[in-house]
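Assemble chain B onto chain A, guided by the hints.
Number of protein chains: 2
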Amino acid sequence: MSLLVLKFGGTSVGDIERIKNAAAKVAAEVKLGHKVAVVVSAMAGVTDQLINYCRSITPHHDPREQDAVVSTGEMVTAGLMAIALQQRGLNARSWHGWQVPLRTDSSHTKARIMEFNADALRQRVMDGEIAVMAGFQGVTADGSISTLGRGGSDTSAVALAIAVKAERCDIYTDVDGVYTSDPRIVAKARKMPRIAYEEMLELASLGAKVLQTRSVELAMRYRMPIQVLSTFANAIGSELPGTLVTEGNEIMEQNTVTGLAHTKDEAKITLVKVADRPGIAAAVFVPLAQANIIVDMIVQTAADEEQTTDMTFTVSRNDLERTKKILESERQKINYKNLLADSGVTKVSLVGVGMKSHAGVAATMFKTLAEKGINIQVIETSEISTSVLISEEYTELALRALHTAYGLDAQ
Amino acid sequence: MSLLVLKFGGTSVGDIERIKNAAAKVAAEVKLGHKVAVVVSAMAGVTDQLINYCRSITPHHDPREQDAVVSTGEMVTAGLMAIALQQRGLNARSWHGWQVPLRTDSSHTKARIMEFNADALRQRVMDGEIAVMAGFQGVTADGSISTLGRGGSDTSAVALAIAVKAERCDIYTDVDGVYTSDPRIVAKARKMPRIAYEEMLELASLGAKVLQTRSVELAMRYRMPIQVLSTFANAIGSELPGTLVTEGNEIMEQNTVTGLAHTKDEAKITLVKVADRPGIAAAVFVPLAQANIIVDMIVQTAADEEQTTDMTFTVSRNDLERTKKILESERQKINYKNLLADSGVTKVSLVGVGMKSHAGVAATMFKTLAEKGINIQVIETSEISTSVLISEEYTELALRALHTAYGLDAQ
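Protein sequences appear in the order of chains A and B.
Here this note's numbering is used: the first residue of the first sequence is 533, the next is one more, and so on.
Here this note's numbering is used: the first residue of the second sequence is 533, the next is one more, and so on.
Derived from the structure by calculation, the hints contain no laboratory data.
Certain hints may be false.
Each pair may be met inside one copy or between any two copies, as identical chains are not told apart.
Derived SDA-like pairs (lysine to any residue); straight-line CA-CA distance at most 25 Å [stated by the list, open to error]: (1) Lys-552 / Gly-577; (2) Lys-865 / Thr-840; (3) Lys-557 / Asp-594; (4) Lys-856 / Asp-651; (5) Lys-557 / Pro-591.
Pulled out of the complex, with its shape left as it was, chain A reads as follows (with noise of 0.2 Å):
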C-alpha cells in the first residue's frame, strides 16, 4: 500500500462527465488498495473567464482581489470532485487552499509557498479519506487568498505530494504521457517511459507545456517522481502507463538528445550599427530589465571597421511592442541606426543530459538543418540544450529532420 497524489487539469474536469470520469481513476488507484489524495484545477476556461471577469472592469484591478475571484474555480471543482467520489461509496472531502492551510507569501496572483503543513491531511488520508485539494492557490499570512500563477496546479500537487510523503504525484492531462517531439507536427515522435527531472525542466521553460516549470523544480529539489499521464486515454492499474518524471540515474537507457522542444511565443529585435564600446548592453538591457521585459537568447556580430556592432535578442511576443517602444525612446543614448523586428521567429531546442558527456551534439544540428536549407539567426546553449531560432515558415521541416538525425524516430 501506498500514497499517491492524483491530479487532474481543467480539460480533465472540464464538464460533469469528466469530472465523473477522473473519479472512476480516483476510484481504481483505491481499489489497487492506494491511500489517495487528489488536487483539481478549474473547469476548463473558467480560470479564464474569471479573470476576464476583473480585466473588463479596469485592466489594473488589484492582484489581491484577483486571487479572490480565481481562485473559487478549483473550489467549485474540488467540491464536485468529492460529491462524485462519495456517489461511487468513498469516503471523500474538498480542501480549499486556506483550509489545509497551504501558506504563500503575499505576492498575489504568482505567490510562493512558504510553509505547507500537511500532517493533518496526511492523517485524515491514511484513516481512509481522499481528500481532495482545490489546486492553484494558498492563503497568506493576513488571511487573504492567493494563486500560485498560471497552472499553478501542478505546483500545489508536488507540493502535497512532497507534504503528505506520497509515493509519486500522478498528473492527468489530456495527454498520455511526453513525447520527444509534438506529436501534432512530428508523427515519429514517441512517448518516452521515462525522463530526468533536467530534461523535463528543460523541455519546459523551452516551450513544451505538458508541466508548469516550478512544479518540476519543486519535485527535483524533493527527488519526488511525476507521473505524466491521460485522463482519456492510460489504462489504469497497468504498470506506469505515462512518462516518469524521475532521476536520471534511474533511467536506463539513454539517447544523447532525449528530446526537440520548440517555442512560437519568441521575437526577434536587432539593433543595426550600435556602437562597440563598454556599457552598451547596460544602455539596452537595463530599461527593459525594469520594464520587467524578460530577454531570451542574445548573440552580438563581431564589431566592423566602423567600431559598431549587430545586436540581436529576443523577447517574448506578448513583450515585442512595449520591447519597440522602449528601445525608441532610448535611441539617443544607446546609439543605433536602425531597429528590426521579426515576430516571424521560432525556436528549436534540443535537450538531453547525454550532452554533458557527448561531443559533436550540436554539430550535428546545425549541419542537418543546414542541408535542408535553414538558416540558423541566433545560437544559444546550455549544459543539457541547444536552442536555435529559425524563421517560422521552417518550423516543422527542422523538427522533422533533427527527430530523425538524432535517432529519436518510432520504429
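Frame of chain A, contents of chain B only:
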C-alpha cells in the same frame, strides 16, 4: 456621518455593467459622507447553475460539499465589486464569510448564525475602507464553509448591519420598494414609504418575495431599520427613496390594512368523510410532519349525522405528490372515503398591524369577494393578517377588488 450597510441582490450584480452601476450607488453614498459596508449576492443565475452541477452528479449529494461549491458565487461578486470600487478611486476590499468570520452552526445549506464578531471589520470601515462581504455564507466550528439558505444574503446583510452597529441596512433589488400589492397585477398598487417589521414579516411569509423572512425576523429582533430600494430606479441622495421597514409606532399614517399578499405556491387537499373521533388530526398530520411536509391552512367541517367530517388543508405545491402518496398509504388507519387534491388555488392575504384594534376588517373581505361571486374555500387568521384560499382563476379579480375596498388604491 453614519454607517450604512448596502446589499445588492443577484439581478443588481447580474453582469459586469450592473456591478459597475452598483459600485456607483456605493460611491454616491460615500460622497454623501457615509461610512459603507457592502454585501453582495451571486450574479443572477450562478447559484442555480452551481446547485445543478451538484445535482447532476447525484441528487443525494453531501450538503457540506454543496456549500463549498455554491458559496463561490458570492465570493466572485465580492471580489469584482471591490475591483469596481477601487476603479473609482475608493479604498475597498472583499471579505469571504470565513475571513470576517461569520460563524454558523453546522446545518449545511440552511445554517443559522451563531456568532458574528465584526469589531475588526467595523474598525476598518470607520477608518475609511469599504468592506465588501460575500453574502449567504459563513464558517462552521470545524472550519467548513456553510450557507444560510436561499435568499440568505439578505440575512447576511442585516446581520452585518447589526454587528457593525449600522444606522440602516439598504437592500438593493429589482423593485423600488414594497408595494400595497403586486403592481404587475394591481395597476393601482402604491409603493409604501414605511412598513412595520411585523407587517413585512407577514407579507414575506405570505408570498411577497421582496425580502427573505429570516432577515426581517432578525431586523425586528435587533430593531435594525431596513430600506428596500431599486438598483435601477431610485435616485441616490433623495430622502429614503425606497420603503423603510421599521418599528410600527414610527409610522404615522396607518391604514387598517397595509398591503395584500398572494401566493400560488400552495395546493389544497380534502379528505372526504373522515370519522370525527379524537386523535384523527394526529393520524393525518403526524405522518406528514415526519416526512418534513409543512401543512399551512387547516379547516374541518362540523360532523354530519354519520359522525364524519371533511378535513381540508394546504401544503406546498412541490409537496403535493408526496403528500398524496403518504395519505394513500395511511388510508386504512385514517379511514376516509375519498381524497381530493387541487393545485389550482391561490392564497390571498390582508396584512396590517391596524387589524389588531379594528373590528369588521375580515367582514369587508368576505363581502367584497361575495359581491364578485368568488367562493372562499378556506379562511385563516393571525393577529395582523387574514388569508383566504380561492380558485386560482379569480386571483387578479380578487386582488384588485380588495385593493379598492380597503382604500389602498393610488390617487
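Results of checking the hints against the structure:
no.	hint	verdict
1	Lys-552 / Gly-577	both (18 Å within a copy, 24 Å between copies)
2	Lys-865 / Thr-840	within (15 Å within a copy, 106 Å between copies)
3	Lys-557 / Asp-594	between (38 Å within a copy, 21 Å between copies)
4	Lys-856 / Asp-651	neither (51 Å within a copy, 52 Å between copies)
5	Lys-557 / Pro-591	between (40 Å within a copy, 22 Å between copies)
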